[in-house]
Every structure is written in C-alpha cells, then in structure tokens.
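Enquirer: The listed protein sequences correspond, in order, to chains X and D.
The letter at position 17 of the first sequence is residue 133 when you use the numbering used here, and the numbering goes up by one with no holes.
The letter at position 10 of the second sequence is residue 126 when you use the numbering used here, and the numbering goes up by one with no holes.
Treat the hints with caution; some may be incorrect.
Since copy identity is lost for identical chains, a pair holds within one copy or between any two.
[To be verified] Cut-off 20 angstroms, straight-line C-alpha distance, at most; resulting in silico cross-link-like pairs (SDA-like, lysine to any residue): (1) K153 with S190; (2) K156 with R173; (3) K156 with H197; (4) K199 with P142; (5) K199 with P235; (6) K156 with A229; (7) K156 with I194; (8) K199 with G146; (9) K153 with C179; (10) K199 with W215; (11) K156 with G175; (12) K156 with D182; (13) K199 with T233.
Since the hints were made in silico from the structure, they are not lab data.
2 protein chains.
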Amino acid sequence: MSNQELVVLGQSDDAGACCPGLLTAPLDEGQAVELAKVFKALGDPVRLRLLSMIASRAGGEVCVCDLTPAFELSQPTISHHLKLLRQAGLIDCERRGTWVYYWLVPEMTDRLAGILTRPAGEPMPERTAPAGATS
Amino acid sequence: MSNQELVVLGQSDDAGACCPGLLTAPLDEGQAVELAKVFKALGDPVRLRLLSMIASRAGGEVCVCDLTPAFELSQPTISHHLKLLRQAGLIDCERRGTWVYYWLVPEMTDRLAGILTRPAGEPMPERTAPAGATS
C-alpha cells in the first residue's frame, strides 16, 4: 500500500506532532475526509473482529486460511473486508504460495490512539448535568 | 442517553480493564457489534468535523447555532449527524430555550484511545517486508 493515509494523518515532521488534533482543534475538510475513511473501515463488526484477530496473533501475522473459519462468511467476503482494512492502512499483507498473510500496521492504530487522546495537562472541563435539564 | 455503550466497551469493574482489547485478543461478536457502532459514527467527515469543533471548544460546550454556519448543510442534516454522534455515546446535549448545546463525552474517546493503544511492555513484532515478496 502507499503511505498516503499515514502522511495525511501525521501532517508535520515534528516527532511530537502525531495527530491532526481531533480533540484539540477543528479538523479541516481534507483531514476529516481522510480520517473518516479509516474510522469507516473500523465501523463494521466483521472487520473489527478480523483486525483484532490479526493484531493479537502471536508472531505478528496470520494466514487468511486461519481467519476464514472463524466466520460464517465466504472467503471472497472475508477477502473484501481485509481489502478495506488494507486500503485504510490498518493492515498489510503478502502472498506466499497459495495463501496470503496479514499483519497489523501499528503505526496507524498508534496514530488513531493519539488522535483520540486528550492533550496532556489539558483536562476537559468537568461537566455535571444540571438537574432536570436533560430529558 | 443511556450508558449502554460505555458499559459494553468497558466490560470489567477493574480500574485497569478499560478496553476489550482490540489489539490484544480477538473481540467476540457482541463486543465487535457495539464497538463498530461507535467507529461507524466516526466514519463520516461531517461528523468528525462536528466532533472536533465540539471537543476543542473552550468552555467545553457549543451551541448548535455555532456549528451549522461552518457547513453548507441544512440544520436538520447537521442535527441528524449530531444525533448519530450522541447515540454512539461520543457527545451529549441539553436544550436551553431555543438552542441545543453539545459537549464531548471524554470517557468514550478515552476508551477508544485505550482500545487502540498497544499494551505497555508488549511491542508489536518488528516487521520488515521481505525484498521482492510484495507486489
């Protein structure tokens, strides 16, 4: 895969500037479009299960032949979900003989975690719902 | 909103067990279904921009009247997107007179960040793509 998504999500060369700042500043339209693609890839239960199976596998990679039996879905359907995860930059793969092997791209999950992490030393304002104000 | 999603995402009473472990163990189907709803809510550029506008607002809350002018969309459309973010547990709101005010639910973004964070002391295996092995 290209690193296009990674570049978009990590806009600066600074080591500390890992995130466009979902919680710290309004995203511009381009950032939002790119980031939405990654979250959309995560917005499906089968893809989340596939990602967790791949990410948690000891040794760091999984044969597609070990993923398919966990689902009551055809191999083409599983392959389609894997393709969407790969296009989002969350996993990568390599064909070896008959089978394709998949692994997590931890840089992408690190970036998403960073994007969703509150800035250090800047706690969100404490909110307490006023009594009777919400339905 | 109910706290149903928050309960599902944080299954245990342990203080340290904040996450179902997307990267550490295969998600079960129920966990994946609940988590996918939240990521799906994030999988849209307008909703991401709305969330970032709400989360980054000094004072911690935003009037819907200050959100709508940033988009070339009708107020009902904006309200629909806000409703999906609220149903996912990412924001909450309160009506005061004419306007509805929105704020981030930081517990949910904290949980997502935790879910996407690699376990401490367990670095992912380093992968180097074998030369010529990938197309």
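Enquirer: I'd like to know which numbered hints this structure contradicts. Please list them from smallest to largest.
Expert: Hints 1, 2, 5, 8, 9, 11, 12 and 13 are the ones this structure does not satisfy, whereas the remaining hints hold.
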